[in-house]
Amino acid sequence: MARSSSKDAQDLFRALWSAYAATPTNLKIIDLYVMFAVFTALIQVVYIALVGSFPFNSFLSGVLSCVGTAVLAVCLRIQVNKENKEFKDLAPERAFADFVLCNLVLHLVIMNFLG
Amino acid sequence: MARYLGGLLALLFSASICGAVTIPGPISDAHRSVASELFGGSFSSLEEAYEAIRVFEILGIGNKPDVSATTCKQVVENLGSSSPVKDLFYALKVNGILKCKVNADVFKDIAVRVKATVNDASTLVDMYHSIASLVLIKDQASDVDVLLADADGIFHSIKALSQSDGRWRYSSDNPESSTFAAGLALEALAGVISLASSEIDQSRVNTVKNDILKLFDSIEKYDDGTFYFDEKFVGGREHQASLSTTSSVVRGVTTFASVISGKVNLPGNKVLGLAKFFLGIGIPGDAKDFFNQVESLALLENNRVSIPLVLSLPETVYSLSKKDQLKVRVNTVLGSAAPPLTVKIVRAFRSDAKDSAIFESKELQYDESNGIHVLEVFPDNVDVGTYVFVFEIVLHDSAGENVFATGGQIHVPIYVTGIIKVSNAEIVVLDSDLGSVETQKKLDLAGNVVVELSANHLQKLRFSFQLTTPHGHPFKPHQAFLNLKHETNHEHVFVVGNTGKKFEIILDFLGLVEKFYYLSGRYDIELTVGDAVMENSFLRPLGHVDLELPETPEKAVRLPPLPLDPYSRYGPKAEIAHIFRAPEKRPPQNLSLTFLSLTLLPFIGFLVGLLRLGVNFKNFPSSAAPATYAILFHLGIAAVLLLYVLFWLKLDLFTTLKTVGLLGVFLMFVGHRILSHLASTSSKLKSA
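Protein sequence lines, in the order shown, are assigned to chains G and V. Residue numbering for the first sequence follows UniProt numbering, beginning at 1 and increasing consecutively. Residue numbering for the second sequence follows UniProt numbering, beginning at 1 and increasing consecutively.
Hints in this document: simulated from the structure, not taken from any laboratory. Don't take every hint at face value.
Unchecked claim - Calculated lysine to aspartate or glutamate pairs in the EDC-like style (CA-CA distance at most 20 Å, straight line):
hint: 1; chain 1: V; residue 1: K684; chain 2: G; residue 2: E93
hint: 2; chain 1: V; residue 1: K99; chain 2: V; residue 2: D66
hint: 3; chain 1: V; residue 1: K618; chain 2: G; residue 2: E93
What the hints assert, rightly or not - Some residues of chain V that are not near chain G, with every Cβ distance over 10 Å (derived):
hint: 4; residue: S83
hint: 5; residue: N103
hint: 6; residue: N536
C-beta atoms are modelled at their ideal positions from N, C-alpha and C, and glycine is treated no differently.
One chain only, chain G, in its complex shape:
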């Protein structure tokens, strides 16, 4: 039973991966970027869990920077994805400009908070 379930899981993942492989490259890049941001945030969380919360505002700004940029990247991905009919009229360049602007504003705040 156990074996069959692990096999099922393997099958499931393989199916998922093959389905994902069909995604356009620019979306993959954004996914990769999101993963990068999330992992960086995770490492900081682990660090703060280990050493205590002393430079708390630094921690917050670090994690929020990662999470914020990840969220923005997800928004970008939604807008760029051609399958989302909702944003059909929106040029991907416009979406990228928004992404850059939001990132700059976000990091201005983050820098202010860094201490």
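Since the structure of chain G is provided, determine the placement of chain V on it from the hints.
Using the frame of chain G, we list chain V on its own:
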């Protein structure tokens, strides 16, 4: 409070003692030791050297041989060269005392030169220096011809500078008149008289005498009979202090009086007042002042106007218990012996009752061995207190009245002290309403017995004692205080009232509960009795009383904080310790560095992922303009990020926002250009 009172008591006492010494004594050994210190160093000019040597001469202090040698060398140098008249003047003055070896020809040369300047001199100071130099040459080298042919003319030109009030002007074009200049002029006139080849007209001398009398009309005065001269004009080119002004006048008047044939009739009390002024200064700390004081006193000591005699008392306190003698000393100002005379006490009175004399006309015995006048038997009827004794000096030789100034009646405050008897001391606790005696304790205030009492707020405490003088009269001291001090150091001071013969105070505790802040418990009692003439002034503990006071009501006055110790108020304050926040615990550095490298891992993963996805820059615009915009766009973003880093490191929010605004506009422009280019390219692709 008690300390404050104690300080006040000490102050009063010291003030009363200081006030007693009003008659300054003559020059003493203290002056000599200070003179050796003041003039001990080397001299920068002949003027200073002269002042030092003259002071030593007057006070009878021997000169150091090396001082004489070096100064003589300076004198000879000065006399030989063609130095200004002022330097010649001081060189001659020093030579007059030290008797340096100076060639007679040198004197002749100088005499010729100085005579020429006398006739040319336009200012009073120049005339003074030249004439005084000639007088000095006359004294030092008798064979040199120094006589002035035109003495009358010079006399007239000096006299022309005199003012109607007896003061002089420094020069004919200077309208301001000066008292100091009057002294110089008088000395110069005296010089002219002694240098005149033919006698000066007596009527001219008499006008100068009148000038002196007028000058003495403008003399200043203190209440105690001290006279002095002061410079009246303000803003003159050199302001002379009253000491140098007075000393200049004394020098002028005494020199003038010594050369004329008649006598200058000045009131004796003014001359004595001048002596008092110089003696009253004490011992000056400044060499110039010291010289002025000592030289003027020396001139007064032996002058032809009138010689002041100074009456001084070694002690102005007479103790009835010690039975010592009242001593009076009469000297000249420099402390040498006076001519035969008798000191009389004209009368004596209590300082608060001027009209009723205690005794009258007593003669003091002269003790020849010690040179003092002694009141051998102190009158019996003099009790403790402060008195004023009026002394008078009677010269044996009645002709001396014209030579000496004795100052008439001299008022001297005398303190007669004695042991005050304290008796009938009694401390009683009374029941308030009935007035019946609860506890009664007799006290011997002379011993150190203490009492223990207890009372409540419905009772009274009565304390009484008697003070009697050695003659049996009731005595009223300056201070009689009863002091109650609680365990908590709260103090209450009461003045013990005087009811005729005895001192009594009744403390009604019912009326005092508020004042005592409802503090029950043990109160220490202390009695202070003090007076300047009471030899046994005391401050002694009487014991203590245990008070039972009612509970503190709601509205009662809060207990005030204890007064600060007045001595600690000006002392150093406690050091302020600054407390800083303890630094937070930091994790080990290695751990932090490890995690720093860990955070780089996802970035590396991101790059690797990009490579695996086969990212490339093929879409980068190839034509010139869009490529420039693309590069500028990326540079702009990099610049904004760099600015953020700078903001984190050192910039403030305002500069950052301003710069961000500028960069933002630039970024918008290039971003719009490149992105619209890309958009148009992609739409073209699509349509194609």
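Results of checking the hints against the structure:
{"no.": "1", "hint": "K684/V <-> E93/G", "in the structure": "holds, 14 Å"}
{"no.": "2", "hint": "K99/V <-> D66/V", "in the structure": "holds, 15 Å"}
{"no.": "3", "hint": "K618/V <-> E93/G", "in the structure": "holds, 16 Å"}
{"no.": "4", "hint": "S83", "in the structure": "holds, 82 Å"}
{"no.": "5", "hint": "N103", "in the structure": "holds, 95 Å"}
{"no.": "6", "hint": "N536", "in the structure": "holds, 76 Å"}
Checked against the numbered hints above, the structure breaks none of them.
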